[in-house]
Amino acid sequence: MSETILIVGSGAREHALAKGFACSPQRPALLCFGSTRNPGIATMTRAYTTGDLTNPSAIVAFANQHRPTLAIIGPEAPLAAGVADALWAAGIPAVGPTARLASIESSKGFARELLRRHGIAGNPVFARFDSLEGVEAMLSQLGDRHVIKDDGLAGGKGVKVFGDHLHSREESLAYCRELAAAGHSFVIEEKLEGEEFSLLSFSDGATLKHMPAVQDHKRAYNGDSGPNTGGMGTYTDADGSLPFLREGDITAARRMNERVIAALARDCGAPYKGILYGGFMATRDGVRLIEYNARFGDPEALNLLTLLETDLVAICRAIVEGRLDEINVAFAREATVCKYLVPEGYPEHPRRGDVVSLPPSVPASVTMYLGSVDAQQEKMIAMGARTVGVVARAASLTKAEQLCEAAVRGVTGRFFHRSDIGTAAAIEQRITHMAALRSR
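Basically the numbering used here = 1-based index in the sequence shown + 1.
No lab work stands behind these hints, which were simulated from the structure alone.
It cannot be assumed that every hint is accurate.
Straight-line alpha carbon distances no greater than 25 Å define the calculated SDA-like cross-link-like pairs of lysine to any residue that follow [as the list claims (entries may be wrong)]:
id : residue 1 : residue 2
1  : K20       : A395
2  : K158      : A263
3  : K20       : Q378
4  : K380      : K158
Label-pair restraints from in silico Cβ distances [said to hold, decoys possible]:
id : residue 1 : residue 2 : range
5  : V356      : G287      : 42 to 50 Å
6  : T44       : A182      : 22 to 30 Å
7  : H168      : P26       : 31 to 39 Å
8  : A138      : H168      : 37 to 45 Å
9  : A48       : A138      : 33 to 41 Å
10 : S141      : R117      : 16 to 24 Å
11 : S3        : H168      : 30 to 38 Å
12 : R38       : P244      : 52 to 60 Å
13 : H166      : K380      : 32 to 40 Å
Built from N, CA and C at the ideal position, the CB exists for glycine as well.
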């Protein structure tokens, strides 16, 4: 069967998906329903339209017009809005969980309570709130070691950590009051100490195929300083782990993903077909869960899809048909470093409307993925968020970082990036941090 694949979303993650599909020996036709017209995706698609990604009926209408045989949903908002449900109802198999299953991301409290209900290790101490009742008692219990999270989707900006974003009990109470006044549920939980990492898995609801571990960098500026962002860059190592992790950490994260997929099937009565993204913390006492996402991470997808050697079309078809156990999913044994170029002022007051000019050529080991850009009058225009994700692959992290940094500096304009991602100094700092924690 010749596949026609609908991609929902138009950022760098979806550009990476389009490139992955374009590399398939099956040579599928591609469609895109995006929020902007990403020129990188547009050059590979048979049909492309823009609209509201959280409007299932509009996406289904576009799909009915062009009859894809398969769909994949990139961002979290359309998953929460039930786009996968609507596509399946229209007879179009979708890689991406239904809205109920996507609650693993769209509700922090749902995820925490799922782990607690099924006895899955990894939760910090936590409590979920719909009002201010009990908040002061919970803050007193945790003291300075607490994190407050908006229960719903907040674009990576709804989490406030005491000591980083909150600096007094009154500031913590004020944030809780702000969330309660807006009608938002929220979670207060124990602040974990360690090093974060991501472990993503393909899932057909019964079988999981795990991907290499990735480390993301949320803060805007070098040295993990500045405001939280959607992610300024990521790296992977050639062995599929990360330099500061132990083998048992990877095993624990994989096991948690497997148990969560089984728990979701029992509680929701349906298989989770898509990508499960676990955000974990390696601590002195083992691996703990920070949060779950219900789709490919961005920028994690840029590293992982760059490394993927197995036919992405075959993987997606196996996911929707429940045959993932038949697929050998393989990744290149190389290191990757990804750095995002973002507009000046990002994330709080970003410039918009600047022309994006890419270098005329880059090494074959470097790939540039277009993010928050729009095609206007034959020019690429920055739209105010993460603009270009640059990924370099090499035999070592050191070489990959050097290639990535050189390529990023070849993009002109009023943009900035984090130059420390993947550097030997930054990684050594993480190794030292974990060694100190484990020696206590």
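Hint by hint, here is what the structure shows:
1. K20 - A395: OK: K20 and A395 at ~19 Å, within 25 Å.
2. K158 - A263: 29 Å, violated
3. K20 - Q378: This hinted pair holds, its Cα atoms lying about 24 Å apart.
4. K380 - K158: Distance ~30 Å between K380 and K158 Cα, so the pair is violated.
5. V356 - G287: 42 to 50 Å: Cβ of V356 to Cβ of G287: about 49 Å, so the range 42 to 50 Å holds.
6. T44 - A182: 22 to 30 Å: 46 Å Cβ-Cβ, so the 22 to 30 Å window is violated.
7. H168 - P26: 31 to 39 Å: 55 Å, violated
8. A138 - H168: 37 to 45 Å: 21 Å, violated
9. A48 - A138: 33 to 41 Å: 56 Å, violated
10. S141 - R117: 16 to 24 Å: Holds, since S141 and R117 (Cβ atoms, about 22 Å apart) stay within the stated range.
11. S3 - H168: 30 to 38 Å: Because 58 Å falls outside the window, the suggested range is violated.
12. R38 - P244: 52 to 60 Å: 40 Å, violated
13. H166 - K380: 32 to 40 Å: 37 Å, holds
Hint compliance for this structure: hints 2, 4, 6, 7, 8, 9, 11, 12 are broken, all remaining hints hold.
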